[in-house]
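Chemist: Quick note, the sequences are listed as chains A and B, same order.
Quick note, the numbering used here runs 233 ahead of the 1-based positions in the first sequence.
Quick note, the numbering used here runs 233 ahead of the 1-based positions in the second sequence.
FYI, nobody ran anything at the bench for these hints, they're computed from the structure.
Misleading hints may appear alongside valid ones.
What the hints assert, rightly or not - Each computed DSSO-like pair below joins lysine-lysine, with the alpha-carbon atoms no more than 27 Å apart:
(1) 451(B) x 547(A)
(2) 416(A) x 449(B)
(3) 380(A) x 325(A)
(4) 416(B) x 449(A)
(5) 337(B) x 449(B)
As the list claims (entries may be wrong) - Across the chosen pairs, the derived CB separations fall in these ranges:
(6) 357(B) x 369(A): 51 to 59 Å
(7) 387(B) x 533(A): 52 to 60 Å
(8) 369(B) x 295(A): 27 to 35 Å
(9) 534(B) x 285(A): 43 to 51 Å
(10) 412(B) x 437(A): 22 to 30 Å
(11) 545(B) x 451(A): 25 to 33 Å
Said to hold, decoys possible - Sample of chain A residues with no beta-carbon within 10 Å of chain B, all distances over it, derived:
(12) 350
(13) 392
(14) 414
(15) 467
(16) 482
(17) 530
(18) 544
(19) 564
Quick reminder that beta carbons are idealized off the backbone N, C-alpha and C, glycines included.
There are 2 protein chains.
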Amino acid sequence: MKTIRRQNLLAAALAGALAFTTTIAQAADPLPSWNEGAAKQSVLDFVAKVANQGSPDFVPVAERIAAFDNDGTLWAEQPMYFQLAFALDRVKALAPRHPEWKDKEPFASLLRGDLKGALAGGERALLEIVVATHGGMTTGEFEQTVKDWLATARHPKTNRAYTEMVYQPMLELLAYLRANGFKTYIVSGGGIDFMRVFSERVYGIPPEQVVGSSIKVKFALRDGTPVIVRLPEIDFIDDKAGKPVGIHKFIGRRPVAAFGNSDGDLQMLQWTTAGAGARFGLLVHHTDAEREWAYDRNSSIGRLDKALDEAQAKGWTVVDMRRDWKVVFPFEKP
Amino acid sequence: MKTIRRQNLLAAALAGALAFTTTIAQAADPLPSWNEGAAKQSVLDFVAKVANQGSPDFVPVAERIAAFDNDGTLWAEQPMYFQLAFALDRVKALAPRHPEWKDKEPFASLLRGDLKGALAGGERALLEIVVATHGGMTTGEFEQTVKDWLATARHPKTNRAYTEMVYQPMLELLAYLRANGFKTYIVSGGGIDFMRVFSERVYGIPPEQVVGSSIKVKFALRDGTPVIVRLPEIDFIDDKAGKPVGIHKFIGRRPVAAFGNSDGDLQMLQWTTAGAGARFGLLVHHTDAEREWAYDRNSSIGRLDKALDEAQAKGWTVVDMRRDWKVVFPFEKP
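Start from the sequences, fold in the hints, and give me the full structure.
Modeler: Right, here's the structure in full:
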C-alpha cells in the first residue's frame, strides 16, 4: 500500500514535469527573428516532416546533415569578402618584410591603396595575395594571426567586429536544426582554416564540421617538435562544382538540406536536393539596401542569377531578406 | 506538510535510482576482452584523467578527439591489405571488359594468378591497380560494388567475411571512449570511400569521421541528374607524414589520443602526443602467431620498427596482442 502510494506520487510528479516542458517547447518560437510567411513556414514544415518518427519522410538522426554556405549566407560579404579584408590588412602588415612588393603587382597597387588596380589582375592577382598572406607559417601561427585580426578589425560600414555581422535569423536556424538532431556543416568557398578560428564560437559549428578552400600543408619536425607548415600553393577550391566535391570528400554522405545565397552554391543545392526522400534547398536573396545590401544578378560579389532561376523551377525556398527577416544582425535586437 | 512529504519521497526515489545506476557503471568492466595489465590500465587511467571534471588534466568534450588507424589496428591486414584483395577481385571481374590487360602489366601477371610478379612493379604497379579498379564510375556505383564484395568475399585463412576480422578489444575501446565523450575517427592509409561503406555498421564510426586516401572526383550533370564521378587519378595519400596532414585537413584540431600499429602511424602519434595537456599514444604489436599473426620490424605489410623504438622512448602504450588480449576476433567469444 505504501509502495503503491510512493509510485503514484513519483509518477504524478514526473508527469507534471513532462507536461510543463512540452508546453514550453510548443509555446516558444524557434525562429523569432523570422517574419511569418512562406519562407519561415517551409523551414518548419521540412523539419516537422523529417524529424517526426511517424512521418513518411522521417530521416534517421545520423543522416540529418545540413550544409551552409558562409559568405552572404551566415555572415555578410559586402563591400568585399571579409577574408579579402583580412588578406589586405596582412599585405600592409607584412610589407616591411617584403621591400620587393613596392614594384610588384598586385602588391604595389594594394600598398598605394588602389584596390581596383590590384584586382585588375583577376583571379591570378587574388591567388597571389591569398598565397602570400596565408602561406609560409605554421598552422598555429596562422590561427593566432586570424584571432588577433578578428579581435581588432572593424567593418568599414558598421564599425562592428566582422564576427558581429552574422545573420541573427540564420543563427536561430542553425540552433533549431541542431535541436532537431541535425549536424550543421559550413561548406564555403572561404578558407577552411580561416573559418575554423571562429566557427565554433560564432555559429556553434566545430572545426571538424567546416569544409572550405585550402592551401597545401606539410608535416615537419622542427628541432624535434612536430609542426604543420602552410605552403604557398592552392590545394582545393570549394566553390561551384567544387562544393559537392568538398561535401563528398569531407562528409562522405549527401546532405538533406543546403543553404546558400549565390551561383557559387548552385551545384551544392542541385546535389543535395536530387537525393531520395525529403530534401530542402534555400537561398538568401539580398534585397535589403537599408539594413544590409541589395544585390543579385549583376553583382561581382555573391552573384545570384542562375541559381535564382533554378530555385523557382525546383521549388527551393528563396528568402527575401527585407520581407522575411524581422532582424538582420544580432546588434539590432531591441 | 503534505508537500514536504511528497518532495522527500520523490527525492528518495530519485536518489535510489541514481545510486543503482552508479553501481552498475562501476561494476561493469568496459574492456572485458583486455587482460589486466599495464596496457589496459594505461587506457583506463588516461580516460579517468581527461574525462573527470575535477581532474587537473580535464579535457572539454569538444576537444576529445581520438584517431584510429584501420589496417592492423581495427581489423587485420594479413596476408595482404583487405582492400588489395578487393582490388584483385575487381581486376578479375573487370577483365572481360579489358582484353588489353592480357598483355599489359601488372594486369597480365595478376590474371595469371602471379601476385608477386604483378607487385614487382612496386608502387607504380599498385597505383595502376587501384586507379583501374577504383576509378571510372560514380560514387554510388563504387559504394554498391564494395557492399557486394564485402557481403560475399571471404578471408583466405579464416574463411570469415573481412568485416568479421575486426579486433574485439578495439571495438570495446572505441565504445568506451565514446561513452566518455570522445569523438572517434579513422585516420588510415586505406581508401576513404572504401572504409566509409562499412565503418558505421562495423565500428560505429560515421562516414564523416573517416579520413583516408582518396582519388579525385568531379561533379557532373548526366541528363540533368547530378552525379559525382570517380576519376582515375590519386588525390591524397593519408599515410606516414600524410596522416597529420589528413588530420589537419579533415578534423582541423589535434587529437588527444592516437592508436596505430605500424611506422605508417608514427607521425600521427608524434603530432597527437606533442600537444599540450594530457595525451595518449598506443601501438598494437602483432605478437600472436596462433590467434592472429606475428610480425613487426621486417614485415613488408604493417612494418613496425621506428615507431616501436619511439614508443619506448616516449612512453606510448604498446599492446602485446598475445599477452594483453583475452580475445582477438569477435567470433572467438565463448
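Chemist: Each hint needs a verdict: does it hold in this structure or not?
Modeler: These are the hints, each one checked on the structure:
{"no.": "1", "hint": "451(B) x 547(A)", "in the structure": "holds (23 Å)"}
{"no.": "2", "hint": "416(A) x 449(B)", "in the structure": "holds (26 Å)"}
{"no.": "3", "hint": "380(A) x 325(A)", "in the structure": "holds (17 Å)"}
{"no.": "4", "hint": "416(B) x 449(A)", "in the structure": "holds (26 Å)"}
{"no.": "5", "hint": "337(B) x 449(B)", "in the structure": "holds (24 Å)"}
{"no.": "6", "hint": "357(B) x 369(A): 51 to 59 Å", "in the structure": "violated (33 Å)"}
{"no.": "7", "hint": "387(B) x 533(A): 52 to 60 Å", "in the structure": "holds (59 Å)"}
{"no.": "8", "hint": "369(B) x 295(A): 27 to 35 Å", "in the structure": "holds (29 Å)"}
{"no.": "9", "hint": "534(B) x 285(A): 43 to 51 Å", "in the structure": "holds (49 Å)"}
{"no.": "10", "hint": "412(B) x 437(A): 22 to 30 Å", "in the structure": "holds (24 Å)"}
{"no.": "11", "hint": "545(B) x 451(A): 25 to 33 Å", "in the structure": "holds (27 Å)"}
{"no.": "12", "hint": "350", "in the structure": "holds (35 Å)"}
{"no.": "13", "hint": "392", "in the structure": "holds (31 Å)"}
{"no.": "14", "hint": "414", "in the structure": "holds (13 Å)"}
{"no.": "15", "hint": "467", "in the structure": "holds (13 Å)"}
{"no.": "16", "hint": "482", "in the structure": "violated (7 Å)"}
{"no.": "17", "hint": "530", "in the structure": "holds (22 Å)"}
{"no.": "18", "hint": "544", "in the structure": "holds (15 Å)"}
{"no.": "19", "hint": "564", "in the structure": "holds (26 Å)"}
Consistency with the previously given hints fails for numbers 6 and 16, ordered from lowest to highest.
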